[in-house]
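Engineer: Protein chains in written order, with this note's numbering: chain A, 13 to 162; chain B, 13 to 162; chain C, 13 to 162.
Keep in mind the hints are simulated off the structure, nothing from the lab.
Not one of these hints is a red herring.
Examples of chain A residues toward chain C, derived with CB under 7 Å:
#1 28
#2 31
#3 101
#4 102
#5 104
#6 118
#7 132
#8 135
#9 159
#10 160
Just so you know, even glycine gets a beta-carbon here, dropped at the ideal spot from N, CA and C.
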Amino acid sequence: MTTLANANANANATVDRDRAEVEHFYARQMTLLDSGEADAWAATFTEDGSFAPPSLPEPVRGRAALAEGARKAFAALAAEGDTHRHWVGMVAVRPGEDGSLVAESYVQVVAVRAGAGPRLHLMCTCTDVFVRQEGELLVRERVVTRDDRR
Amino acid sequence: MTTLANANANANATVDRDRAEVEHFYARQMTLLDSGEADAWAATFTEDGSFAPPSLPEPVRGRAALAEGARKAFAALAAEGDTHRHWVGMVAVRPGEDGSLVAESYVQVVAVRAGAGPRLHLMCTCTDVFVRQEGELLVRERVVTRDDRR
Amino acid sequence: MTTLANANANANATVDRDRAEVEHFYARQMTLLDSGEADAWAATFTEDGSFAPPSLPEPVRGRAALAEGARKAFAALAAEGDTHRHWVGMVAVRPGEDGSLVAESYVQVVAVRAGAGPRLHLMCTCTDVFVRQEGELLVRERVVTRDDRR
Chain A
13 MTTLANANAN ANATVDRDRA EVEHFYARQM TLLDSGEADA WAATFTEDGS FAPPSLPEPV
73 RGRAALAEGA RKAFAALAAE GDTHRHWVGM VAVRPGEDGS LVAESYVQVV AVRAGAGPRL
133 HLMCTCTDVF VRQEGELLVR ERVVTRDDRR
Chain B
13 MTTLANANAN ANATVDRDRA EVEHFYARQM TLLDSGEADA WAATFTEDGS FAPPSLPEPV
73 RGRAALAEGA RKAFAALAAE GDTHRHWVGM VAVRPGEDGS LVAESYVQVV AVRAGAGPRL
133 HLMCTCTDVF VRQEGELLVR ERVVTRDDRR
Chain C
13 MTTLANANAN ANATVDRDRA EVEHFYARQM TLLDSGEADA WAATFTEDGS FAPPSLPEPV
73 RGRAALAEGA RKAFAALAAE GDTHRHWVGM VAVRPGEDGS LVAESYVQVV AVRAGAGPRL
133 HLMCTCTDVF VRQEGELLVR ERVVTRDDRR
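Looking at chain A on its own, in the form it has when it is part of the complex:
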């Protein structure tokens, strides 16, 4: 390999490592959301973290508001006997501004009603800006779009 190729390979190795960490982050974060652990889920965002879901005109901002939204959504599903599973895949990462990390992914939301079969409910894309605080990744900004509303 040329020196340039070596440099590329090293840069690739770093970004692959970041990607692995982001994937692990998503597995934990989505499990918290789907299990109704709203406060723990909100703590995976920065204190002032924002989440722009496709269903709202304005982003939700800050851990308290994020937790409140997750709690209400989970309670509404539980009242119907429904479980939602957020399934993140096709994760690509790249360096962002100010040392942040940008992750783009596809997200399936699978809905399951107790006693009935599962259903592919939504197909979305997700763009997250991650920052690292005390060694841990946190979401500073999340934007989700629905493919059926493109």
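We have chain A; now place chains B and C onto it with these hints.
Structural biologist: Chains B and C alone, transformed into the frame defined by chain A:
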């Protein structure tokens, strides 16, 4: 970073490496299952490995019984012209007791009938306890739950 | 661990690293395809790269033909208001001939019509032969099979 954060980052790197190995394990293991390679699939469990599927009152225990179950299930599907694809995602790992590794994941089972379209058949969660023997990960205990029977 | 087990573990670490890189490759490659960036998508194959899709009697060969095919497919979907999402999972890699890398995976194709819900359109398997050029992975040969036509 503080020293504590460095220690966290190192621990994270180890667990991310374990997670990568577990993901690779699942890709191979599920392909064996879906291809009807029942003995090779059973060999991905420990000799006394157990598998508690949602459809049975008691766990299946030991490679011979595991292989027999997989063989029967595959034959029943083949007789109908069906293929099942086990798709594992959202994998999170953590250290277990006695040096084991615990992996929690979501699992989609997609069913495809020859000549017809695919269908999301089941949405499950899977908890595996892995041990390492001669450098290779093996499942010592697997518990699977169906979201529609929660 | 025995020396043999150590050697296995090192070989496993290498292959897990390759697998991580392949996964990242797929995330970027499929996003290009699904976004209609046909030329950039074709550039992820070698100059003479081939793609044998389930819908054609002969493989498509070479970047120009690959780009043309992707462009037409995207335009046909867009004319109907449809988005396709190619979702690769269960990726297993192994060394191939001549220093190549072989990756086998499952692929879901999710179709979304504007204003309607998503639909699991196709369940496929994909076998790719990768080569490395100037440090970057490129697909030299891709074979895709549909589970409903097995």
